[in-house]
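*Asks:* The hints should help you fit chains B, C and D with the ligands onto chain A, whose structure is shown.
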Amino acid sequence: MPDNDVLREMHHQMVRIRLFEESIQQAYLEGKTPAFDIAAGPVPGEMHLAAGQEPVAAGVCAHLRASDAVTATHRPHHIALAHGMDMKRLAAEIFGKETGLGHGRGGHMHLFDAATNFGCSGIVGEGIPTAVGHALAYKKQGRDNVAVSFFGEGAANQGAFHEALNLAALWKLPVLFVCEDNAWAISVPKEKATAIANNADRAAAYGIPGVLVPDNDPVAVYEVAGEAVARARRGGGPSLIEVKTDRLLGHFEGDPQMYRSPEELARLKDRDALRAFERRLIETAVLTAADAQATWDRARAEVDEAIQFARTSPYPEPAAALLHVFA
Amino acid sequence: MPDNDVLREMHHQMVRIRLFEESIQQAYLEGKTPAFDIAAGPVPGEMHLAAGQEPVAAGVCAHLRASDAVTATHRPHHIALAHGMDMKRLAAEIFGKETGLGHGRGGHMHLFDAATNFGCSGIVGEGIPTAVGHALAYKKQGRDNVAVSFFGEGAANQGAFHEALNLAALWKLPVLFVCEDNAWAISVPKEKATAIANNADRAAAYGIPGVLVPDNDPVAVYEVAGEAVARARRGGGPSLIEVKTDRLLGHFEGDPQMYRSPEELARLKDRDALRAFERRLIETAVLTAADAQATWDRARAEVDEAIQFARTSPYPEPAAALLHVFA
Amino acid sequence: MAVETKRLLTTSKAISEAFAQEMERDPSVFLMGEDIGVYGGIFGATTGLLERFGPERVMDTPISETGFIGAAIGAALSGMRPVAELMFVDFFGVCMDQIYNHMAKIHYESGGNLKVPMVLTTAIGGGYSDGAQHSQTLYGMFAHLPGMKIVVPSTPYDAKGLMISAIRDDNPVLYMFHKGIMGLGWMTPNPRATGHVPEEPYTVPIGTADVKRAGRDLTIVTLSLMVHRALDAAEDLAKEGIEAEVLDLRSVIPLDREAIVASVRKTHRLLVVDEDYQSFGLSGEVITTAVQGAFDSLDAPPARLAYPDVPIPYSRPLEQFCLPNREKIVAAAKQLLA
Amino acid sequence: MAVETKRLLTTSKAISEAFAQEMERDPSVFLMGEDIGVYGGIFGATTGLLERFGPERVMDTPISETGFIGAAIGAALSGMRPVAELMFVDFFGVCMDQIYNHMAKIHYESGGNLKVPMVLTTAIGGGYSDGAQHSQTLYGMFAHLPGMKIVVPSTPYDAKGLMISAIRDDNPVLYMFHKGIMGLGWMTPNPRATGHVPEEPYTVPIGTADVKRAGRDLTIVTLSLMVHRALDAAEDLAKEGIEAEVLDLRSVIPLDREAIVASVRKTHRLLVVDEDYQSFGLSGEVITTAVQGAFDSLDAPPARLAYPDVPIPYSRPLEQFCLPNREKIVAAAKQLLA
Ligand SMILES: Cc1ncc(C[n+]2csc(CCOP(=O)(O)OP(=O)(O)O)c2C)c(N)n1
Ligand SMILES: Cc1ncc(C[n+]2csc(CCOP(=O)(O)OP(=O)(O)O)c2C)c(N)n1
Ligand SMILES: [Mg+2]
Ligand SMILES: [Mg+2]
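Residue numbers (the working numbering), protein chains in the order written: chain A, 1 to 327; chain B, 1001 to 1327; chain C, 2001 to 2338; chain D, 3001 to 3338.
In case anyone wonders, no lab produced these hints; they're calculated from the structure. Positions of the beta carbon are idealized from the N, C-alpha and C atoms, including for glycine. Be aware that a few hints might be false.
[To be verified] Label-pair distances were calculated between CB atoms; the ranges are: (1) 3293/D / 1308/B: 54 to 64 Å; (2) 115/A / 2265/C: 55 to 65 Å; (3) 3300/D / 2254/C: 19 to 29 Å; (4) 1035/B / 197/A: 52 to 62 Å; (5) 300/A / 3293/D: 52 to 62 Å; (6) 1025/B / 3308/D: 26 to 36 Å; (7) 263/A / 1235/B: 30 to 40 Å; (8) 2208/C / 3239/D: 19 to 29 Å; (9) 1033/B / 2265/C: 49 to 59 Å.
Bound conformation, chain A alone:
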């Protein structure tokens, strides 16, 4: 069981992620009414939000150092923030600004941050082998860092998943493979995509530990991840962790979600893991209601500042599009 400081910090992370993404959602919808035009507004393009999946990010990243590498997916904000990415530079990148992580070149699916060894990408499964490579470097360099790859349950049916897990197991590398099973890959439910119920069982194909976290609880994630990170740091090799989590929103903003029943959506909202976690912390006196409110207030201020930074930052010079192809 994590100590109270850790519990409070995980709560704080989940709150700031949630608020950050709510602000991004709002900004995303700006300029897109009455007719939704994906190209319009201050935040154009696709937008994949992670509301409901905060427990995975908070629980795993609580064990990481900034020097540990993390690779994520098209749905990266919760992980990026939990791993310590600068919120201002993240926001600015999402707004396409010169002050963003990639000076506006990457956008929300392509966040790369040297300060936190973070990378993500828009191609399902692409980042899994990258994490193996970070871990390979650590082993060669004699560092006790770990690399963590986050991906969805949909990604576990890509060839890259298989190749990467075999390599990491074979070379006994310090990697965590964290599968966020939110039951959906856009509109395709897990049962129509994966021949077995739990991806954790696929660890058997590589002879590594595979652990299922059956509910969307940051504490359970924290404990499982803690063991796996510690094992990896002391040279015990990789682990596969699967968390059954929830995607509270559409696949991307603007997704009509015809494939999900209103009941399902309502049920998910009711069991919002952030709210449930906060209630528990208050019930167990880890937090007072006032502490909780203070956390939300603090996060609100941080988020507002970041969004403000993003909005007021300048766009890159158009002709600078031609720079940075080569170093």
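*Replies:* Relative to chain A, chains B, C and D with the ligands alone:
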């Protein structure tokens, strides 16, 4: 236990495969001495022979109809012949002749035969999804055919393996995945490539039966494959079968095999599964020594005729290289 | 015929109508891909088809492009006529071996004995800030690799006719539709993405370019969404007395080289407009075709306006700086005539 | 300097010497790939290195190209300088996403903040009946996709110098060596595959073409093994009084456009000789470069002699019919001058 006719037929298949490949080996070396020049002689290019792996082909293909699809690899002759491919057209293709299966366009790694629904390719793992597609067609068409994909233990670390097995399991398709574990992928031993000892265990990742045939015995292969083929034909879905087999020769002809000890090579030769099987059939009175000899003689004649056909057939017209890009 | 009797469809509806009519006609046709069922395809190309044809013929797949595109090849070899969708062309890298080394080569390797009658559909194009991995066109890259036909429609009419031709073709056909020509409700409106589409099935021949606007002063060779941009530019140019001929390639493979040469012989000037990366691709091939076929007719070196050789940036001003557009086409045309 | 003091090496030895010297110099350099250890690389590029540097720095991998090339990217991001080998370029399709969408784009997407200093080596080329999936060159296809440098040496000297440059470069570099230039004992002997290679480390600049033979009557732009064929042809042509300039591109990305234009301005005639597929690739790009840079100097339309747009056939007469060679180059040059 297969009945005596089946045993004799498997023996016959193994003998004709062995003799065919020995003749190909001879032809391959023609024109390549004193200096080995891969481009020279009547059979140029790479040449991957399967001596030692005949039990897999004979044991599995004994259950197949010509209308059942088979996909194989860069090492395809044993499977092609066991599945009933015309030996003359196979030989002619290997010699690059107009009378070959592909009129000389494919060559020994790219054999395609409509008569036996056979295909193979030079890219490791490429044919595994193809077999899934044949099986998908059978299911849609209401046919009780099966598709079989053969591949090496090296291929089981390719993404295509993973994706194909998941699809076949998910859609409950009539496919057999047959892994020929000959312990080597060119010079890389299985232990340096695969994180677990037995690929059959990977079936667990897809919720399908996975059966290991621990020795290179055509009868054991026959029995395991028989069950899997029967299950597939009656709609019971796919299976993964792994056979521990032997690669008696180099990866390709001309391979110096510095990575294998002379002891290993001698040991393998001593346990040649074809000779062992033949001895057993004679000991158990399934064959007399004279029957066995007759089988070799018959096969010898068939092979000689096929090679003769190949040698005497004309080359395709050079300018015909430009034909058949599109139907 | 009175104008009001003409039925107008968006391109995505035209494509789904082609699917429906071919599936009615031929029971061996089926569709597979990610989110093509209940969702109806991310770009609406399969809307309504699951309800009509059921999950056996409109198959949602896992995110296993090597697996299911490979399966489409096998199914095609066993008597079916699959249509597989690669959601965005940018994803080709996870399944390219199946496409270029297997699908495209089996017919040849078999010496003409086997056929792989399948269609691979995929969405191309940017302009809406979807970043480096969701905005590419890439037909130039596929076209370099022999064995597949490649069609790239620009209008609802061509989209339906080319889809029917693609499905009926005995060869693998890569069918690339630009998101901006689909007429989607959630994209910046494009009036040219809606147009007359006959109700009955019809074909548009693969390998035949189409003069979308006749002109005498220069030839603009282009395709896909850039046809719309070129036609807009041609209107502007006409106001200044410059008559541009706009040749819509429609197919990349086979490339209608005769049409390119004929038009250049007529106008003596060539501008290639291409949303694909500039170098080592389509624009160079079209220019080479013109130079080799109409060298003596050329009054100026052929020009091209293409996507610069940089990954596609996310930020709007950066991406818009890179994309060819109406104004840039006008400027390039004038420079060519200067 | 006396000729006899010059040390002669095959290209494969020149490459393995470059590896060894860079691994000595920089502990972050390591090699990974299939059969590069005990086997020494199928084309001998890593012979002897396992013994010398051990299995941590010369890593045999499983047949998991997406996995290990992806791992090379991660290792490069974490401070290493990996060299990953894709055994034959033809296999790119199983791992292209990692190459073109990830390796090549991270630097740009990061706005220049991250670097991916890695080398991807791969064998190209045919001519020895290895069929449709083991004989391609394909540099034209990679060159269409932005973000990676591409080098294609033709001689032992260039091979060593370009490899050292590639390893030291902070960008991903695709290093493509033709099997026929390696000087392998089991390939048809090629005298030009052995040559003088200085013992000390040196670099050959990436992006600079090299005039391998000066001439005044036409320019032959080519690369890789075709440089050898062009030089052979140039000798034949010289006997007939035709002096061909042979320009070896050496790098495809960046392309040395100035060198192409300068040579064409001098000779007024251009022939591109290319073993890659003809259309939508390198030959069209070189011609376009020449036409746009030297339109008024051209005395004839530029010509090309490339691999026809067909999958590579196995049978010797078929394959040889397709390949550019000495005689065909001579004929094409004469036709260009006719
Ligand atoms: C290789 C590839 N195929 C398809 C897509 C399109 N796509 C983007 S996200 C997504 C669903 C991913 O599902 P999952 O891995 O479960 O992650 P989630 O979205 O649920 O977080 C798909 C199909 C893609 N980006 N890359
Ligand atoms: C994708 C791909 N990677 C690498 C190769 C080169 N290659 C050809 S065969 C082979 C070894 C295959 O090993 P295995 O699958 O065990 O089959 P075996 O040769 O033992 O029959 C390799 C690495 C290839 N053809 N395709
Ligand atoms: Mg999911
Ligand atoms: Mg093997």
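*Asks:* Are the hints correct? Go through all of them and say.
*Replies:* So, going through the hints one by one against the coordinates:
Remark: the range hint 54 to 64 Å for residue 3293/D to residue 1308/B is upheld by a beta-carbon distance near 59 Å. For residue 115/A and residue 2265/C, the Cβ-Cβ distance of about 59 Å falls inside the hinted range of 55 to 65 Å, so the restraint holds. Take residue 3300/D and residue 2254/C: their Cβ atoms lie about 27 Å apart, and the range 19 to 29 Å holds. As the Cβ distance of residue 1035/B to residue 197/A is approximately 59 Å, the hint placing it in 52 to 62 Å holds.
Range check, residue 300/A to residue 3293/D: about 59 Å between beta-carbon atoms, so the 52 to 62 Å window is met. Taking 26 to 36 Å as the suggested C-beta distance range, the pair residue 1025/B and residue 3308/D conforms, at roughly 33 Å. Checking the proposed 30 to 40 Å range against residue 263/A and residue 1235/B shows it holds: the Cβ atoms sit about 34 Å from each other. Separation of residue 2208/C from residue 3239/D is about 47 Å and departs from the stated range, judged on CB atoms against 19 to 29 Å.
Distance hint for residue 1033/B and residue 2265/C: a CB-CB separation of about 58 Å, consistent with the stated range 49 to 59 Å.
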